[in-house]
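Engineer: Make the full structure from the sequences, and use the hints.
End of the sequence shown = 704 in UniProt numbering, gap-free, step of one.
Honestly, the hints are just simulated from the structure, not real lab data. Here a beta-carbon is modelled for each residue, glycine too, at the ideal position from N, C-alpha and C.
Dumping the calculated DSBU-like pairs for lysine-lysine here, alpha-carbon to alpha-carbon at most 30 Å:
#, residue 1, residue 2
1, 52, 657
2, 52, 507
3, 54, 491
Label-pair ranges, simulated between beta-carbon atoms:
#, residue 1, residue 2, range
4, 211, 603, 52 to 58 Å
5, 546, 178, 41 to 47 Å
6, 516, 238, 40 to 46 Å
7, 482, 75, 31 to 37 Å
8, 507, 694, 38 to 44 Å
9, 598, 211, 54 to 60 Å
10, 273, 391, 31 to 37 Å
11, 547, 336, 43 to 49 Å
12, 336, 465, 35 to 41 Å
13, 273, 667, 49 to 55 Å
14, 391, 426, 17 to 23 Å
15, 50, 516, 37 to 43 Å
16, 389, 321, 42 to 48 Å
17, 204, 274, 42 to 48 Å
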Amino acid sequence: MAPSLHKTQAHSHWTQQATMSAKSPDESPGDASRRDRAAIAAQACQTCRSRKSKCDEQRPKCGLCTRLNVDCVYREPQPTKKDKTLVHILNVLERVESKVDRLGLPLSQVQELSSSSHKEEPSLSAPITAWNNVEDDTRQHNRRQETYFPPDLVSASSHLTAAHKILVWPAVFLLLTNARVPGINDVHHIMQTGTPWFTHLELQKHSMPLPSRNMPSPVQRPSVPSHSFTLGIAGLTADKIRQMADAYFDTFNVIHPILDRESFFSDIIVPVIRGGYEDRDVQACLAMLVLALGSIALEGVSGAPISDSQTNSTSGLRGGSVEEPPGLEIFNEARRRLGFVMHTCTLENVQIYLLQATYFEACARHMDFWRSCAAASMSFQVYIRCERIDWSSPKADLIKRVYWTCILNEDLYHLELDLPRTGIYTLEDQIPLPSFSQTHKSSSSSSSSSSSSSADNGELSNYHYHFLAMIALRRLLARIHASLHSDENAKAESSEDYDGPPIHLIKELARQLESWRTYLPQALQWSDADMHCYPNISPLARRHPSPLFTIEENSDPHSHRHNLDIVTGHLRTRFYYARYMIYRPFVFKALHFPELMTADDASYCALAMQSVCMWPLAMWPCKGRKRLVPHLFTWTQNFLGILLLMRMTSESECLRKICEERVNTRDMQMTVGLMLDWIGDMRLVDGIAAWSWGLLEALFKGWR
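Structural biologist: Below, the structure written as structure tokens:
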């Protein structure tokens, strides 16, 4: 339904454009006056054009450029249809003339001319020096773009993801300008550069790799082969190794179940405890990455918070320090051994890259996370094309889980940071969903597993449903972004040719989202009224009397069984994020076209604002265990956009009235505090959060 609707809208749009551009021989005076006004409107300055705002066309500076104190540049009038024909002829003659001039030149001189002309073209890989120079000449910049960049590269370089588009909404930009926030000049560059500007922030934040102590390699005797863990985990006892492995499987592997617990303990950990592996053993690298993540799982819950002298709040980043996260020594040894096994394209190789990516994301090193995920996806594509797989075998089920983990990671960093995808999604129709049949077997078959691995299999299956539910929700999220927030379908949040939100499409997406929640397994279901309550894991058990998610820190510092808080909070928050993205176009309408708002529009706008309130993942206990929260990079930038919309309730009369009448005011106030706390905490390790904090601190003075 959605694709056909888009085609119909696109067809009608272009038909309308063609009709308006065609000159009728018997046009009325009104038609002529409208055409004159269109010609005048074409004289809007470049600044107003870039912001898609109305220009008052004052000379030498329009009103907006005067307020912003920037150069006001008017583009020369567009030629008429006849003029364009003449321009085309002149351009062709100019190209022919240049070729005629080169006919008499030696070949070497022609090559020199060609190479010099190529050097003039800006390179996409060159450093973007415009980020460091706010006062670039607007006329020269636009002329350079029009001269050298083809249209597709221009649009690609200025692409903004849905999370970042709020910054350049005209009403929000006006708020930032009037408030004179410290980052207002950066917003100018964001409009020109797009989401890659935020990627640049992350690259600057983590320009150096994770530190490594210069430890000497153990002395090797010629007659004795190397079968040790070297200095990385030499001091770990067998009990400690099992404890760390258990911690990994109870936390990270619940979110992304890429390893089988029983086979890991029996086939990898037991041999490790008995004698270790050689450097080139894949199992050694797997084991060390699991133990490094197990260290993060333990320290990320009970470790000391990272100190911050600039704030009195307790950090939710626990264990280690900003420079040296928990388990770093083991992780570095795993990275060293990765060099001996990275040449392969096996299932274990893909798992190694995914484990490495998980560790990087727990340290908020988002670009390292992306690189590791991309390596995993590329290795998987080679592996799946070269292997003959029996899809009913236990190993095949593990392959399915690994594949869908790659898909979940890749979709999110593409949608949120516009980082390139590898093409692994093209295999989506070929690889079934996992059944977790192997993990449903009795844990008593493995004598090496610890007591925590003998949990009730019925309870464990509920957590497997979380993974399957996220796969289904991921498809709907991708559909929402493609239908409402992509560059091709962003009319609902654009002032240019504004035609309002696509009501029928939004209703259909909302229906699909509610159907997703309705058909969840009973143990995962919840309603809006009990979004902060414990899930009903067992039908026979009584519901927990106290809420699972709270504003204040819970007195119980211990981790929930099988990462219950993180898994539940992640699933529910993703649902409310999806609902917010569906109805967000109505918030845009309330801010920019309040006179067009209907009663239904106001209800949808209120639903969008209510959907961003009191997200479980931003509350305790999740906020105090940030190292265990999956995909940290997605939340900070979405919190930034949500906080800007909250701030707009004091600027827009229409939005303020809607929220006062239809949205819980206390929920909004609590949400502002929770999300500000999150960004203030994450700025220690996150480049986007550090920049966002400077913007928000000025906007929310006196709000808390």
